[in-house]
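J.: These protein sequence lines map, in sequence, to chains A and B. Under my numbering, the first residue of the first sequence carries the number 1, and numbering increases by one thereafter. Under my numbering, the first residue of the second sequence carries the number 1001, and numbering increases by one thereafter.
Simulated from the structure, these hints should not be mistaken for laboratory data. Where a beta carbon is used, it is the ideal one built from N, C-alpha and C, also for glycine. Where hints are given, some of them may not hold.
What follows is a list of derived Cβ distance ranges for each label pair [said to hold, decoys possible]:
| # | chain 1 | residue 1 | chain 2 | residue 2 | range |
| --- | --- | --- | --- | --- | --- |
| 1 | B | Arg1193 | A | Gly254 | 33 to 41 Å |
| 2 | B | Gly1178 | A | Thr278 | 36 to 44 Å |
| 3 | A | Gln208 | B | Asp1051 | 34 to 42 Å |
Pairs of lysine to aspartate or glutamate, EDC-like flavour, derived with a Cα cap of 20 Å [unchecked claim]:
| # | chain 1 | residue 1 | chain 2 | residue 2 |
| --- | --- | --- | --- | --- |
| 4 | A | Lys163 | B | Asp1176 |
| 5 | B | Lys1067 | B | Glu1045 |
| 6 | A | Lys421 | B | Glu1045 |
| 7 | B | Lys1172 | A | Asp22 |
| 8 | A | Lys10 | B | Glu1045 |
Which bits of chain A does chain B cover? Going by a derived footprint, with three or more residues having C-beta under 8 Å, they are [stated by the list, open to error]:
| # | region |
| --- | --- |
| 9 | 88 to 102 |
| 10 | 253 to 265 |
| 11 | 308 to 320 |
| 12 | 413 to 427 |
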Amino acid sequence: MAQLKTLFEKIWDAHLVGAQDDGTCLLYVDRHLVHDVTSPQAFEGLRMAGRTVRRPEATLAVPDHNVPTTDRSKGIEDAQSRIQVETLDKNARDFGITYFPMNDIRQGVVHIVGPEQGFTLPGMTIVCGDSHTATHGAFGSLAFGIGTSEVEHVLATQTLLQKPAKNMLIRVDGALPTGVTAKDLILAIIGKIGTAGGTGYVVEYAGQAIRDLSMEGRMTVCNMTIEGGARAGLIAPDETTFNYIKGRAMAPKGAVWEAAIAYWRTLRTDEGATYDTTVVIDAAEIEPTVTWGTSPEDTIGISGVVPDPTDARDEGKKKAMERALEYMGLTPGTPMASIAVDQVFIGSCTNGRIEDLRAAAAVAKGRKVAPAVGAMVVPGSGLVKEQAEAEGLDKIFLEAGFEWREPGCSMCLAMNADKLKPGERCASTSNRNFEGRQGRAGRTHLVGPEMAAAAAIAGHLTDIRKLDS
Amino acid sequence: MEKFTQFTGVAAPLPMINVNTDMIIPKQFLKTIRRSGLGKNLFDEMRYAVDGSEIADFVLNKAPYRKAGILIAGDNFGCGSSREHAPWAILDFGIRCVIAPSFADIFFNNCFKNGILPIKLEQDRVDALMAQAENGANATFTVELERQVITAPDGSEIPFDVDPFRKHCLLKGLDDIGLTMQKVEAIEDFEARQKSSQPWF
Ligand code: SF4
């Protein structure tokens, strides 16, 4: 009998170029995504060594971190941001890489662009100099973030030196209750396993609640896998996956499509294969979830209160909680749903896809953003923006008092002009609530798109299930 | 890459868990297109006030630790983004070795690519070293990679584990890309096989 394998092991084994005695493997990389921030030094390294890009056609570059989300006709005002984007322009040209420049309709956040173009396909190995590369695992591909030295290694050799990870299964049984989304689910998972819970693992997500998710929802879940410490999250491909891919610009066509689908159907964990760790979650127990602190593991249901550090499990965690509460300006015992916000950000590679914007617009429709709140919607890509406008979502947002911006990373990491002022509090659909992430001394509460829209309207974090109609 | 054989330096104690890469080097410094020059902004928002003045009680601003060569920290060091600017900033500051109970995977990998040795030790060992690191100017440690031991200021020797291949590369200062380039035939074979059996790749 053939050895029983997990999905991760199948993809890994199919990409082995070689292995050393000590277990270090040379792994073939099928797709390489490149963005403005983590690539300049890699291309510089290639030039210095007189090397070329091994497979320019398997490499896709797009600027996203530094681009402005306001009028782009005047270019980028900040000199350093401009240089970094111009450097990517030049590197893509010089090395012959597929490239979507800032003013191309296909430009957007790299992890939204790959799937949207059909560049991301099941069974592939996909890397990018960005930890949220985990997103692409939603297609049943092994996708993970790498550092710039490794970016250079992949550009030059189309391979990576890696050691196999351990297998973790996260099974979510049952259906998510009404008003509970993929974002709430992944926040609850991270709250349960902790930010280091997945270190050394590749996570496979399974169970009814995962199967029921759309591709957008699955991408939201896989995207934040790195916030639980695991470099990659996987979901076995199924009809939902194939329907999403079919007809996309770079997806296979005709007879090749048929052959591809036949292969993709084999991409599932064999019955009886074992995982090193299994975590089981009951979907029915999850409620709309928010973060209260400065680590993505600091999650709590919206009906909860700010926790008390004296309840911490150990001294290290207690100190971290005290520091987080001071930074966040919060007092233990405060109901989460009473916390007033100054800003609302809807966008990022976690929640900047069309389904996210539809969900937020459904909440915003016919309502008004609270007078004291600044709210912005940043579509994940030019194509998401175009689609949203075709559906009239931009009008709904604008009428409600949201700003409607150009695509990019924006206030997810505040590298461009979009940032919080010191002390400002933001309900954000992004993925990190670290100190200073959205601007120095800015305070971030991670939420899903519906909860973000609801917070903008109520003027404070609020339970979407109780929003007045 | 600079070799790592033996290193002696003052160790700075940073008793915090979940030190993330946004703390190590905030995003405003990621706009550079070079690897060097980031040391002055290492831990920028913890190290400097908004007006640019030093925050006196941050460890790297205290006299003996201004020239620290080793960092001792809490669990899950280097979590968050993949930015290699984090190890670049650490290296540019002059730190060649980070000791913690655990590290985030991507950061851990990135260290080895830059001649930095990350050492994982059990919590009680880290606590003991952290206590000695608190001794300021007397907190000089020696890290020997060949023998895999840390010699603490009190003279005690603490053994540590390191992956043999990574150890070999660090000791010799080897460039991964050059090594992989020698395997180009195996890569070509793989590509030919994949192209005929699975053309959509
Ligand atoms: S949207 Fe945020 S998390 Fe995603 S790639 Fe951009 S900066 Fe990174």
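J.: Please go over all the hints and tell whether each is borne out by the structure.
T.: Do the hints match the structure? See the list:
Between B/Arg1193 and A/Gly254 the C-beta distance comes to about 22 Å, which lies outside the given range of 33 to 41 Å. Taking the beta carbon of each, B/Gly1178 and A/Thr278 are about 41 Å apart, inside 36 to 44 Å as hinted. A/Gln208 and B/Asp1051 have their C-beta atoms about 55 Å apart, which leaves the hinted 34 to 42 Å range violated. Of the pairs offered as hints, the one joining A/Lys163 and B/Asp1176 holds, with about 14 Å between alpha carbons and a cut-off of 20 Å not exceeded.
Distance hint between B/Lys1067 and B/Glu1045 is fulfilled; the C-alpha atoms sit about 19 Å from each other, no more than 20 Å. Restraint check: the Cα-Cα separation between A/Lys421 and B/Glu1045 comes to about 14 Å, which is no more than 20 Å; the hinted pair holds. This hinted pair checks out: B/Lys1172 and A/Asp22 have alpha carbons roughly 17 Å apart, not beyond 20 Å. Between the alpha carbons of A/Lys10 and B/Glu1045 the distance comes to roughly 44 Å, so the proposed pair goes past 20 Å and is violated.
Using a Cβ-Cβ cut-off of 8 Å, 0 residues of the region 88 to 102 of chain A lie near chain B, which falls short of the minimum of three, so the contact claim is violated. Chain B is given as covering the region 253 to 265 of chain A, and this holds because 5 residues of the stretch bring a CB closer than 8 Å to a CB of that chain, at least three being needed. Check on the region 308 to 320 of chain A: 4 of its residues sit with their Cβ under 8 Å from a Cβ of chain B, so the three-residue criterion for coverage holds. Coverage of a stretch by a chain is defined here by at least three residues with a beta carbon nearer than 8 Å to that chain's beta carbons; for the region 413 to 427 of chain A and chain B the count is 4, and the condition holds.
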